[in-house]
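The sequence shown runs 379 to 537 under this note's numbering.
These aren't lab readings, by the way, just hints derived from the structure by calculation. All figures in this text were calculated on a predicted structure; none of them were measured in a lab. Where hints are given, some of them may not hold.
Stated by the list, open to error - Below, in silico cross-link-like pairs of lysine to any residue (SDA-like), each with a Cα-Cα straight-line distance of 20 Å or less: (1) Lys529 to Glu405; (2) Lys509 to Gly425; (3) Lys399 to Thr487; (4) Lys446 to Glu405; (5) Lys446 to Ser458; (6) Lys486 to Leu459; (7) Lys399 to Gln498; (8) Lys524 to Gly434; (9) Lys509 to Ala417; (10) Lys509 to Gly528; (11) Lys445 to Thr402; (12) Lys445 to Leu522; (13) Lys529 to Ala415; (14) Lys529 to Asp484; (15) Lys486 to Gly531; (16) Lys524 to Ala415; (17) Lys524 to Asp473; (18) Lys529 to Ala400; (19) Lys509 to Thr476; (20) Lys399 to Gly528; (21) Lys446 to Ala400; (22) Lys529 to Pro456; (23) Lys445 to Thr460; (24) Lys524 to Ile435; (25) Lys509 to Ala468; (26) Lys445 to His455; (27) Lys509 to Gln498; (28) Lys445 to Pro456; (29) Lys486 to Asp398; (30) Lys399 to Gly531; (31) Lys446 to Val520; (32) Lys509 to Ala400; (33) Lys399 to Leu459; (34) Lys524 to Gly425; (35) Lys445 to Ile435; (36) Lys399 to Trp533; (37) Lys445 to Ala417; (38) Lys509 to Ala415; (39) Lys446 to Asp467.
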Amino acid sequence: MGKLTHFNTRGEAHMVDIGDKAVTRREAVAGGRILMAPATLQLIREGGHKKGDVLGIARVAGIMAAKKTAELIPLCHPLSLTHVDIELDAQAREDGVTCTVTAQTDGKTGIEMEALTAVQVTLLTIYDMCKAVDRSMVIEAVRLLKKSGGKSGDWVRAE
């Protein structure tokens with residue numbers, strides 16, 4: 379196991395120095411899901427929710443979150459995103475919506491935090507829009523699925 383990189387030699391929190399790192403193409407894929415009552419899922423599928431297109435609004439919220447990650451995570455570097463794709467699947471599971479985010483950049487540091495933040499905010503937006511009809515929803519299994527680029531190379535979750 380490696381060392382924690384967000385602490386200096388005195389144990390103080392700091393932003394990692396990426397000045398000497400090479401610019402490489404970087405991609406991260408993260409996923410998660412929100413579980414809900416079947417009737418809530420049916421409202422989302424049919425577009426019958428009084429607040430409008432739940433999945434469309436959640437997708438936009440996730441993209442916005444990816445763009446603002448460095449403002450939310452204290453030691454995260456601001457990145458110039460080249461692409462963010464958010465896939466929402468309300469058909470794969472009978473009890474919820476699955477979210478998969480792919481984020482890409484050409485930069486000096488990884489884009490995992492942007493992908494993970496986008497998943498969380500996408501799912502939180504679904505919760506917010508549906509809480510009036512279902513407060514029992516559960517957000518779960520938010521995790522990095524794979525990443526590529528950078529000095530550490532490629533990584534894929536073994537599931």
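Quick rundown of the hints versus the structure:
| no. | hint | verdict |
| --- | --- | --- |
| 1 | Lys529 to Glu405 | holds, 13 Å |
| 2 | Lys509 to Gly425 | holds, 16 Å |
| 3 | Lys399 to Thr487 | holds, 8 Å |
| 4 | Lys446 to Glu405 | holds, 17 Å |
| 5 | Lys446 to Ser458 | holds, 11 Å |
| 6 | Lys486 to Leu459 | holds, 12 Å |
| 7 | Lys399 to Gln498 | violated, 29 Å |
| 8 | Lys524 to Gly434 | violated, 25 Å |
| 9 | Lys509 to Ala417 | holds, 13 Å |
| 10 | Lys509 to Gly528 | violated, 40 Å |
| 11 | Lys445 to Thr402 | holds, 19 Å |
| 12 | Lys445 to Leu522 | holds, 18 Å |
| 13 | Lys529 to Ala415 | violated, 44 Å |
| 14 | Lys529 to Asp484 | holds, 13 Å |
| 15 | Lys486 to Gly531 | holds, 13 Å |
| 16 | Lys524 to Ala415 | violated, 30 Å |
| 17 | Lys524 to Asp473 | violated, 25 Å |
| 18 | Lys529 to Ala400 | holds, 8 Å |
| 19 | Lys509 to Thr476 | holds, 17 Å |
| 20 | Lys399 to Gly528 | holds, 8 Å |
| 21 | Lys446 to Ala400 | violated, 23 Å |
| 22 | Lys529 to Pro456 | holds, 19 Å |
| 23 | Lys445 to Thr460 | holds, 10 Å |
| 24 | Lys524 to Ile435 | violated, 25 Å |
| 25 | Lys509 to Ala468 | holds, 17 Å |
| 26 | Lys445 to His455 | holds, 11 Å |
| 27 | Lys509 to Gln498 | holds, 16 Å |
| 28 | Lys445 to Pro456 | holds, 8 Å |
| 29 | Lys486 to Asp398 | holds, 8 Å |
| 30 | Lys399 to Gly531 | holds, 13 Å |
| 31 | Lys446 to Val520 | holds, 19 Å |
| 32 | Lys509 to Ala400 | violated, 45 Å |
| 33 | Lys399 to Leu459 | holds, 18 Å |
| 34 | Lys524 to Gly425 | violated, 32 Å |
| 35 | Lys445 to Ile435 | holds, 16 Å |
| 36 | Lys399 to Trp533 | holds, 19 Å |
| 37 | Lys445 to Ala417 | violated, 33 Å |
| 38 | Lys509 to Ala415 | holds, 11 Å |
| 39 | Lys446 to Asp467 | violated, 24 Å |
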